[in-house]
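For the protein sequence lines, the chains are L and V, in the order given.
Residue 1 is where the first sequence starts when you use the numbering used here, and the numbers rise one by one after that.
Residue 1 is where the second sequence starts when you use the numbering used here, and the numbers rise one by one after that.
Hints listed in this document are in silico derivations from the structure and should not be mistaken for laboratory results.
For every residue, glycine included, the Cβ atom is placed at its ideal position computed from N, Cα and C.
There could be a bad hint or two in this list.
Distance windows between CB atoms, simulated [unchecked claim]:
| hint | chain 1 | residue 1 | chain 2 | residue 2 | range |
| --- | --- | --- | --- | --- | --- |
| 1 | V | Gly9 | L | Arg29 | 31 to 37 angstroms |
| 2 | L | Gly109 | V | Tyr339 | 18 to 24 angstroms |
| 3 | V | Pro87 | L | His141 | 38 to 44 angstroms |
| 4 | L | Ala135 | V | Asp254 | 39 to 45 angstroms |
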Amino acid sequence: MMRRTVLAAAVALQPAPGLGQTTLRDFGRGSWAALLAAKAGRPAIFHFWGLTCAPCLAELPEWGRLTRERPDATLVAIAADPAPQPRARLAGAIAKAGLDLAEHWTFDGTFSARLYFEVDPAWRGELPRTTLVPAAGAPEHVLGTADFNRIRAWLDRQRA
Amino acid sequence: MWLAWYASGHLSVARSADKGATFDAPVQVTPRPARLDLGADSRPQIAIGADGRVTVAYAILRDDRYNGQVLVARSSDGGRHFSDPVPIAPGTASQRFQVLGLDPDGHVFAAWQDRRDDIPGHTSKAPGHADAALVFAWLDAKGAAPARVAAGTTCECCRLGLAFAGPGRPVVAFRNIYPGNIRDHAVVAFQDRDAPGPLARISEDMWALEGCPHQGPALAVSAAGTIHAAWFSGGGTRMGLFAARRVAGGGFSDPMPVGDPGRQTSRAELLARGTDVWLAWKSFDGERMEIRLMRSRDDGATWGPPRTVAATEDESDPPLLIGDARTVWLSWLTKREGYRLIALDPDS
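Work out the full structure: start from the sequences and follow the hints.
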């Protein structure tokens with residue numbers, strides 16, 4: 001408990017991130033499988049959002065708060081606008097939401113239906129959308145904005 | 001045949017006298033670049049009347065919070081020139097998702113989603129913050145009739161479906177909000193020009209969503225007056241694309257699943273002519289986005305097998321079906337191939 005408090009304080013003391021500090025990786029064909037493989041064996045949250053999605057932007061600061069409150073959580077945020085948005089604008093929205101602690105990706109201009117299909121064949125690109133992947137067992141999908149009590153409860157179960 | 005499209009902040013229209021083989025020079029309707037409402041379910045609308053009268057309607061966004069305004073422009077010289085666009089209705093509350101249509105007598109009917117709280121019949125939670133309602137007006141040549149509420153509360157980010165059961169008898173389909181934030185579909189069938197009928201639920205999908213599906217319904221009315229609807233549901237009791245019909249005097253049939261829900265099925269489109277009904281939708285096979293089509297020859301009692309009529313390997317518009325007395329076409333804009341008007345085989 002003591003250790004967590006110290007960690008949270010250390011995070012709070014970090015200077016506010018500037019625009020240039022968010023690394024945005026390209027999410028293209030094969031990225032989803034590669035990401036799942038890279039994170040395999042520990043719980044991870046994959047959050048799909050978009051600059052062109054108003055509810056996503058309204059919710060994004062909640063995800064930012066979650067990363068500060070729960071440093072144990074691995075959060076991967078993927079900007080899934082069907083037409084990729086300018087990186088500077090994505091970075092601006094990420095900074096504004098305080099989501100700089102997450103790992104960031106953006107659709108790379110590949111035909112968006114193909115990327116949706118790789119994540120879930122039934123996904124038509126609706127945003128926001130979140131996939132909770134446990135260390136072992138079946139992933140859970142949250143369609144639409146998230147109930148953060150549910151997300152926190154899920155994270156608690158992963159620690160147990 | 002006429003096309004209306006958005007590009008670079010402008011709404012343009014163009015006419016083809018040879019069924020899409022060639023088009024006259026495009027005419028720009030917007031006098032200056034506008035912040036057009038380019039959402040997935042938002043489309044410019046065009047109604048071609050007799051005597052060279054052309055009416056177009058489109059929506060712009062007033063701010064970053066998706067508050068829109070519907071504008072109307074008219075031509076009386078066959079679309080060579082258009083009047084300056086004027087708001088379809090007064091007020092600063094959001095107006096979006098306009099549909100325009102000509103009834104069989106040639107009167108122009110418009111319906112849209114409107115968040116004004118000062119229209120008779122509107123329910124308002126707080127001044128200036130009304131929920132969206134389905135609002136209509138007849139846009140006859142002498143000016144717009146006062147807008148009136150046909151139904152509310154509607155899901156404010158989904159398109160409307162419009163068809164006519166006869167002169168002065170529009171039918172409008174929309175995603176309604178039922179108690180519990182359930183966003184299921186309903187129709188309002190007008191009894192006459194100014195009398196929207198009761199709200200009739202199309203199906204009980206029970207899809208509750210804190211958010212917006214950005215997918216409204218498709219609608220067609222056959223010669224016998226049968227109402228055909230197709231829609232998307234993302235949860236509740238059913239998921240995927242569905243279709244149902246209401247034979248005159250009856251209720252809606254049980255929803256019929258359309259296509260494979262595991263293939264991103266979406267964006268249904270309907271066309272009825274006589275006892276024939278065509279239903280088109282988008283379906284993705286992992287590589288290609290296809291337009292699938294099926295046809296009924298008995299007013300929707302039975303349907304032939306679905307087939308693929310066009311495909312693309314990059315972004316694309318929803319499909320549109322148009323027809324004249326002899327032919328039905330798929331009208332489709334794709335990023336890779338451009339605009340295509342594809343005549344559908346009359347025998348399949």
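Hint check results:
Roughly 32 angstroms separates the CB atoms of Gly9 of chain V and Arg29 of chain L, a value that falls within the hinted 31 to 37 angstroms. Take Gly109 of chain L and Tyr339 of chain V: their Cβ atoms lie about 22 angstroms apart, and the range 18 to 24 angstroms holds. Our hint of 38 to 44 angstroms for Pro87 of chain V and His141 of chain L holds, since their Cβ atoms are close to 42 angstroms apart. The hinted range of 39 to 45 angstroms is satisfied by Ala135 of chain L and Asp254 of chain V, whose Cβ atoms lie roughly 43 angstroms apart.
Against the hints set out earlier in the document, no violation occurs for any number.
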